[in-house]
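S.K.: For reference, the chains in residue letters:
Number of protein chains: 2
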Amino acid sequence: MAGVSVATVSRVINQNGYVTKDTEQKVRKVIELLHYEPNAVARGLAGKQTGTIAFILPDISNPFFPEVARAVEDVAQAHGYTVILCNSDDEGHKERSYIEVLKKKYIDGIIFASNTMGQEDMQKLYHIDDLPVVALDRAPTNQTCSVIRSKNYAGAQMAVNHLLSIGCRKIAHIYGPPQFVTARERLAGYQELVKKFPWYSPDLMVPGNFHLDGGMKAAEQLLRAHPDVDGIFAGNDLMALGALKTMSRLGIRVPEQISICGFDGIALTAVTEPELTTIAQPIYEMGATAARVLIEKIQGNDTNAQEYELEVELVERGTTRKKVT
Amino acid sequence: MAGVSVATVSRVINQNGYVTKDTEQKVRKVIELLHYEPNAVARGLAGKQTGTIAFILPDISNPFFPEVARAVEDVAQAHGYTVILCNSDDEGHKERSYIEVLKKKYIDGIIFASNTMGQEDMQKLYHIDDLPVVALDRAPTNQTCSVIRSKNYAGAQMAVNHLLSIGCRKIAHIYGPPQFVTARERLAGYQELVKKFPWYSPDLMVPGNFHLDGGMKAAEQLLRAHPDVDGIFAGNDLMALGALKTMSRLGIRVPEQISICGFDGIALTAVTEPELTTIAQPIYEMGATAARVLIEKIQGNDTNAQEYELEVELVERGTTRKKVT
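Just so you know, the sequences run in chain order A and B.
Note that the UniProt record's numbering has the first sequence beginning at 1, numbered continuously upward.
Note that the UniProt record's numbering has the second sequence beginning at 1, numbered continuously upward.
Take these hints with a grain of salt, some might be off.
Remember, identical chains collapse to one label, so a pair may be satisfied in a single copy or spanning two.
What the hints assert, rightly or not - Restricting the straight-line Cα-Cα distance to at most 25 Å, the calculated cross-link-like pairs of lysine to aspartate or glutamate (DMTMM-like) are: (1) Lys170 x Glu256; (2) Lys151 x Asp74; (3) Lys151 x Asp302; (4) Lys322 x Glu273; (5) Lys26 x Asp230; (6) Lys195 x Glu313; (7) Lys217 x Glu273; (8) Lys195 x Glu220; (9) Lys104 x Asp90; (10) Lys195 x Glu67; (11) Lys217 x Glu275; (12) Lys103 x Asp302.
Think of the hints as simulated: they come from the structure by calculation, not from any bench.
Between the sequences and the hints, there should be enough to build the whole structure, so can you do that?
M.R.: Shown next, in the form of structure tokens:
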């Protein structure tokens, strides 16, 4: 871009050897223009990719993520890429520290599942380091990078409509942490649909933590305040399983007395008896799409920031059943 | 070792430039002696490590592995290493293909969880490529590499003794696939302990597949053949949860009529109601130890092939309870 040789650029950067003032200015201008950072240039100079991508996720022990990671790795492997796994615990400083380490390793791109990574960070990643990035599931939309997600709002309404259709007459919602966009969208889907009903009351929405124990506690709290609740839509499967556990402990029969519907479609919804009705996201497909889109970007075939919103589906099982009247 | 310069070795390898017959022979002899492979030499010449290790495991979706992977990554990250994740599905050809790819990426070492990787492969890895390897959990002992595992035989006897102590009088075992050393050891622990009892019969041992559905089917089969069984020890938690599901479907009360004990201590043993009694392996500690031992080897502080056999413990929960007589 500066119209000079690689050796000349090297002399300017390392400040050794003779370079004319004019040439140095030209090179420095291009460096500034390109937001030069040594590693990106080294990668560019070498002119080849490392065949390595990174998947930064909150925690592989969270039962939603192993299937995503499996999909990412399957697709990556089929295209000759290996996958570096990074657990960020949704902590911004860990995410940034991983990125610093990964940049030094010349990885080709990153798949991000993050709540804390802000738009500014994403923009820095994408523009300054020229590193292809795809965000998964939890990232807010309107990023500069492509985003893979599923229909949380519509899925929540699918859950509530299902509970209504089997005869539930007072449906509560256990929602996830409000800093998660998925939790907010599922809550909004519930609220928008039920607020027109005479039985609606804001304290039918109780907070959970997206984990089993939070679902258990939220269900207890709910039953104390509203003993006549006959349907629960939980913001994810773990909290729904927690609610199911609470019912079992309190001797409340599911689905006869209370019906329960989760969200996600993780494998362990099939472990309990009765099995959990859920709004299934295409978990594997989300991971596979993220990897495919990232690889397209790495190979220069996809330069747009696009949003892929995947369909969800109702999986009817034992925790919901049509009321006999 | 050949007493010649790097440039000379390069000339011999690439067969360009002048090298005396005598020098070429010396170089070729050393190459043979060191089981030369270009990448290992390149790594040696560069004289530096990449700070990357690989974790080859059967399937991250198997609920035993996410916690192991989390531990491996936590320890690696604390030491400045990143972790490449590889799902082998326990297929030898996939494992070998990963190793070929990984060698080209100059990784510093490998953690292996494998049933199919034979001793010969391990030896080749360890000696020819000079690549530190640690085997996890499933590998047979007496490898040339260090092995991290837990006490399967003793743990199985712990399970049976617990079932005996609460008053069970006919205890069956659902065992995992015999190609898994862990399955064989747990089966042997059970059999050795129960064969002295008058109620013992070989068909109290029924095969499962280490998955939920296998545990469900095995429990059905068991109850048809032995309706008087009052205790089941399953070779892993998933099969135990399957047995629990079958009991629930058949209307058999757990633990009143049949007590169930699993093996592993995975997180989802706490999801069901009653919760599953299990012989807990220190899953996180196994992954963390594997990573620590591997890093010691990479840094040259640990050159022995050692076996680390970690303790297991009985976690008593709702699926086993002392019989009231």
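S.K.: Evaluate each hint against the coordinates.
M.R.: The hints, checked one at a time:
Proximity of Lys170 and Glu256 under a CA criterion of 25 Å is satisfied intra-copy only: 14 Å inside one chain copy versus 35 Å between copies. Taking the shortest alpha-carbon separations for Lys151 and Asp74, only the intra-copy value of 24 Å comes in at or below 25 Å, while the best inter-copy value is 33 Å. Taking the shortest Cα distances, Lys151 and Asp302 sit within 25 Å of each other inside one copy (23 Å), while across copies they are farther apart (51 Å). Proximity of Lys322 to Glu273 under the C-alpha cut-off of 25 Å is found in both arrangements, the shortest distances being 17 Å within a copy and 24 Å between copies.
Within a single copy, Lys26 and Asp230 get their C-alpha atoms no closer than 72 Å, and across copies no closer than 84 Å, so neither meets the 25 Å cut-off. When the C-alpha separation of Lys195 and Glu313 is checked against a cutoff of 25 Å, the pair qualifies only within one copy, where the shortest distance is 23 Å, while the shortest distance between copies is 51 Å. Taking CA atoms no more than 25 Å apart as the test, Lys217 paired with Glu273 passes in both settings, with 20 Å inside one copy and 15 Å between copies. Taking the shortest Cα distances, Lys195 and Glu220 sit within 25 Å of each other inside one copy (23 Å), while across copies they are farther apart (47 Å).
Proximity of Lys104 and Asp90 under a CA criterion of 25 Å is satisfied intra-copy only: 22 Å inside one chain copy versus 32 Å between copies. With identical chains, the CA atoms of Lys195 and Glu67 are never at most 25 Å apart, being 35 Å at best within one copy and 41 Å at best between copies. When the C-alpha separation of Lys217 and Glu275 is checked against a cutoff of 25 Å, the pair qualifies both within a copy, at 20 Å, and between copies, at 17 Å. When the C-alpha separation of Lys103 and Asp302 is checked against a cutoff of 25 Å, the pair qualifies only within one copy, where the shortest distance is 21 Å, while the shortest distance between copies is 30 Å.
Comparing the model with each numbered hint stated earlier shows that hints 5, 10 do not hold.
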